[in-house]
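The whole structure should be built from the sequences, with the hints applied where relevant.
The chain contents come next:
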Amino acid sequence: GAVVSQHPSRVICKSGTSVKIECRSLDFQATTMFWYRQFPKQSLMLMATSNEGSKATYEQGVEKDKFLINHASLTLSTLTVTSAHPEDSSFYICSASRGWNSPLHFGNGTRLTVT
Amino acid sequence: QKEVEQNSGPLSVPEGAIASLNCTYSDRGSQSFFWYRQYSGKSPELIMSIYSNGDKEDGRFTAQLNKASQYVSLLIRDSQPSDSATYLCAVGERILTGGGNKLTFGTGTQLKVEL
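Chains as they are written, first to last, in the working numbering: chain D, 1 to 115; chain A, 1001 to 1115.
Derived from the structure by calculation, the hints contain no laboratory data. Some hints could be false.
Capping the alpha-carbon separation at 25 Å, the derived lysine to any residue pairs in SDA-like fashion look like this [to be verified]: (1) LYS1102/A / PHE28/D; (2) LYS55/D / GLY99/D; (3) LYS20/D / GLY1041/A.
Keep in mind that this is a model prediction, so the values were computed, not measured.
In structure tokens form, the structure reads like this:
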């Protein structure tokens, strides 16, 4: 079946530093990748949609200069949290899609803690 | 703004019983619907996808969709303690560039299957 790999699974960083999270589709070419964020006891909130070779589309309220997305190929998307602050501490989850009638498959998520 | 509503629960059912999870959505034009299971601290895992009115069965799970009522449900037969998790209903919006579905999630229903 479809597998989406996400790394790292957990990261602790100091306030002001940047953190890069990788998302790879392992056995299919993902036409689109999505980045979600989930705070404790809340549901998943879409941050941005990325397509290979084009700029990401950010949801309202998500700062594109803070959350940099690079979709380098049909199997790799990265999210960089720049100048992280404690309020950015969250569970970040990527997902990938083969196409319109294909369900999203999620990576295992990255637990980010900013101290 | 697209909305997906779920009862947060917890929904408690005895082992072996049928668990019924419900979801309503606001966008009448929605065409794809998904149920995900999420264990605490983990990323969502796809349970079922459904695209047309009626029932769709997969093992112990049955998804039901009624577009006229903007209602989608998930039935879990012979509930097991391992089914205890949060169940997320998601409604898809077709992405025109690159394909795929942008999902809007409900807040999830916590299911507890008791011995």
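Going down the list of hints, with the structure as the test:
1. LYS1102/A / PHE28/D: Roughly 18 Å between the alpha carbons, so the hint for LYS1102/A and PHE28/D holds.
2. LYS55/D / GLY99/D: 18 Å, holds
3. LYS20/D / GLY1041/A: Roughly 20 Å separates the two Cα atoms, so the pair holds.
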